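Chemist: Going down the list, the protein sequences come from chains R and H.
Per our numbering, residue 109 is the first one in the first sequence, and the count goes up by one each step.
Per our numbering, residue 2 is the first one in the second sequence, and the count goes up by one each step.
Since the hints were made in silico from the structure, they are not lab data.
Note that the coordinates shown come from a computational prediction; the quantities given were computed from them, not determined experimentally.
Misleading hints may appear alongside valid ones.
Here are some of the chain R residues that sit facing chain H, going by a computed Cβ distance under 8 angstroms [claimed, not checked]: (1) S117; (2) N121; (3) A142; (4) G149; (5) Q151; (6) R160; (7) V174; (8) H175; (9) I177; (10) A178; (11) G179; (12) G180.
Just so you know, even glycine gets a beta-carbon here, dropped at the ideal spot from N, CA and C.
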Amino acid sequence: MNARIVTFSSHGNTTLFEYDPASADMDEVNKVIAEYEAKTGAQPFDMATGERIKKVTRQQNEVLMVHPIAGG
Amino acid sequence: MVSLTVSLVAFFALIAWGFVFARPHGNPMAREIGDPRLRGNNLLDRVGLAVIIGDPFEHGAQGVDVFERADRAKAYLRRIVALTGAVQMGNNYVLEIGTTRFHVRDRYVRRLQGVSDPKCEYEETCFCLPYTRVPTAEQIATALLELANNPALFGRWSAQIGAVKADGEAFART
Chain R
109 MNARIVTFSS HGNTTLFEYD PASADMDEVN KVIAEYEAKT GAQPFDMATG ERIKKVTRQQ
169 NEVLMVHPIA GG
Chain H
2 MVSLTVSLVA FFALIAWGFV FARPHGNPMA REIGDPRLRG NNLLDRVGLA VIIGDPFEHG
62 AQGVDVFERA DRAKAYLRRI VALTGAVQMG NNYVLEIGTT RFHVRDRYVR RLQGVSDPKC
122 EYEETCFCLP YTRVPTAEQI ATALLELANN PALFGRWSAQ IGAVKADGEA FART
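Take the sequences, apply the hints, and build the full model.
Modeler: Take a look at the structure:
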């Protein structure tokens, strides 16, 4: 089963990309996530536990990139 | 007549040629990245066996109507409500973390610190996702998820310091 990285968008939720956790280069997956965070401020959360994670591992099947919030 | 037929065949062949070669990059999967901010990463090359996809729902403007998007957003909100242990009360989602209670609704969060203290009063701040437009249900889901992980974010939001990442760091898009 593929793992997927998702985020919220104007389309509802959006799959950014999927990969095979058994064979994907997780360093590269994390690099792409880090680049996405640098551009958008979104940080990864494990959708199995609801917890923020610093690095995506092969154990995560669904990761939600959560965007920054501004208060007022 | 023959020359007209040949011209027509050539004309349609050119149109077909245009359709085939107008596809960017040759690899149809590479075009399916859901978020334009990820384009250019060439993930197929970088991650090796990673597969970039977009499901049929992702192409909002092309295939998903407003109601379907709203349903998908609400479904995700329900998942996050269950994950965080929040409870829906009318339009509010009540999240209790220790002795702190949050009421999250469209664009507003209220915080009650010291639930058992009768003198404690609610504080309220509004919130938004400044860099991305998402359905209301997903804005609420974002706030619930972030507060459940880091209740101190409420203070950062009410301080009006601009966008704050889930870990509490300020963020400014460059």
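Chemist: If a hint holds in the structure, say so; if it doesn't, say that too.
Modeler: Going down the list of hints, with the structure as the test:
1. Hint status for R:S117 relative to chain H: holds, with the closest Cβ pair at about 6 angstroms, below 8 angstroms.
2. A cut of 8 angstroms between beta carbons decides the hint on R:N121: the least distance to chain H is about 5 angstroms, and the hint holds.
3. Against a cut-off of 8 angstroms between C-beta atoms, the interface hint on R:A142 is violated, since the closest Cβ of chain H lies about 11 angstroms away.
4. Below 8 angstroms, beta-carbon pairs count as interface contacts, and R:G149 has one with chain H at about 4 angstroms; its hint therefore holds.
5. Proximity of R:Q151 to chain H holds as hinted, the smallest CB-CB distance being about 4 angstroms (cut-off 8 angstroms).
6. Against a cut-off of 8 angstroms between C-beta atoms, the interface hint on R:R160 holds, since the closest Cβ of chain H lies about 5 angstroms away.
7. Interface hint at R:V174: satisfied, since its Cβ lies 5 angstroms from the closest Cβ of chain H, which is below the 8 angstroms cut-off.
8. Hint on R:H175 holds. Least Cβ distance to chain H is approximately 5 angstroms, under the 8 angstroms limit.
9. The interface hint given for R:I177 holds, since its Cβ lies 5 angstroms from the closest Cβ of chain H, which is under the 8 angstroms cut-off.
10. For R:A178, the suggested interface contact is upheld, since its CB lies about 5 angstroms from the closest CB of chain H, less than 8 angstroms.
11. Look at R:G179: its Cβ gets to within about 3 angstroms of chain H, closer than 8 angstroms, so that hint holds up.
12. Given hint, R:G180 at the interface with chain H, holds; its Cβ is 5 angstroms from that chain's nearest Cβ, closer than 8 angstroms.
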